[in-house]
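Below are the chains, spelled out letter by letter.
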Amino acid sequence: MASTYTPLATTTLGSGVSSYTFSSISSAYTDLVLIVNGSATSGTGVYLRFNGDTSSIYSQTTLFTYTGGGVVSDQTTNSSLISLTNMYGTQMIATAQIMNYSNTNTYKTAIARRGDTYQHEGTLTGLWRSTSAINSLTILADVAFNSGMSLSLYGIKAK
Amino acid sequence: MGILGIYASQISGHLSAPFDSLQTVTVGSGGASSISFTSIPSIYKHLQIRCIARESDTNVGAGALWMQANGDTGSNYAWHRIWGNGSTVSAGNASSTTWSLVGINSRAGNGSTIFGTTIVDVLDYSETTKYKTFRGLTGENPNSSNGYSGLHSGLWMNTNAISSLTLLPTSGYSWTENSKFALYGIKGD
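Here the protein sequences come in this chain order: Y and U. Counting in our numbering, the first sequence runs from 116 upward without gaps. Counting in our numbering, the second sequence runs from 7 upward without gaps.
By construction, these hints were calculated from the structure, which means they are not laboratory data. One or more hints might be untrue.
Under the rule of at most 25 Å between Cα atoms (straight-line distance), these lysine-lysine pairs were calculated in the BS3-like manner [said to hold, decoys possible]:
#	chain 1	residue 1	chain 2	residue 2
1	U	K51	Y	K272
2	U	K51	U	K136
3	U	K136	Y	K274
4	U	K193	U	K51
5	Y	K272	U	K136
6	U	K51	Y	K274
7	U	K136	U	K193
From a predicted model like this one, the values you see are computed outputs, not experimental measurements.
Model the full assembly from the supplied sequences, consistent with the hints where possible.
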C-alpha cells in the first residue's frame, strides 16, 4: 500500500533566523501536519502564514492554561497571521494539523496542540479565509528563533 | 529524515507505526443524515478519524459530532469535554448516553466555506478485554465570537471489537455538501 503518512520536508534552523517557509507544497495529500520544536528569543511569538498572504483574513480561538492564570480562552479576528504560541525564551512544541489544505471548496482550518515551558499549554483553532489550495507555509518569530529550532512537515493522504 | 515517534499521548495524529487510509466519505449535494464506516478490519492497533464537517443548522456557532460504535443504540456511552469560545472556558460531561460527543462541527449559519475540524483517536479498538476509549481534538472558527477550541474524551462500555463507527450531527440536522470524513488504521509493533 502506498505511504499514507509521508515526511515532506524538515529543517533545523541556525541562530538569528526569523522565518522559514515550506514552499512548493504538493497538492497530492489531504492534510498537512506541522511540528515545531525548539525555542526563540525571549518575548517572541511564533506564527503561521499561508501562501505568503499578509492580508487580514486570519482568525483563531484558543484554549490554554498558564502559570498563575488558570484556564482561559481568547480569540483574534481579522489578523494577518495565526499565533501558535507566545514564548519567553523557553522551549516550545506545537503540532498543527492543517486539514483539507488543498480543498478549493473550503476555507482552511488548522487545529493545534501547543505548549511551552514558560506558561502555555493548550489548543487552538485557526482559520484562513481563502479557498485557495495551500502551497506554502511560513513559520515566523517576532524576533528570531534560537539555533536548533526544528520544523517538520508531513502529508497525510486519504483514499 | 523519517517520521518522528510519538512525543506524548496528548498529541493526536503523530505516529511512528504504519498508518493506513481505510475509508473516506465525502458528502454530496444532497447532504447526509449520518455517515458510517463499516467492515472495519481488526488488524490494527488504533483507529483515527480525521474530518472536516458542517451541519445544516442555519444558526451560527458549533454543532455536535456524535459517534456510535457497532450500531449500539443502548445507553452505553459517556463523554467529557473542555472548550473555549474565545472568552469563556466551559466543561461538560454525560454518562449512560446513547452517543458519545467526540467533537464539534461548524453550523451552516457560519458560512458555506467554513467547516469544523476534528481528529478522533479510537484506542485499542479491537481489544476484547477493554471498554473502548475515544479522544478528540476539535474546533471551528468563523472569524467571530462563535469559535470553539476544545478537547473531548469518550467511552463505549462494551468489550466487543469495533467493526463500525457512525458519525452524526446535532439532532434534526444533516451533514452538508463537502463535509469529509476519513478513517485511518494505525498498526502497533
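Next item on the list: Compare the structure with the hints numbered earlier in the document and write down the numbers of the violated ones, lowest to highest.
Entry: 3, 5
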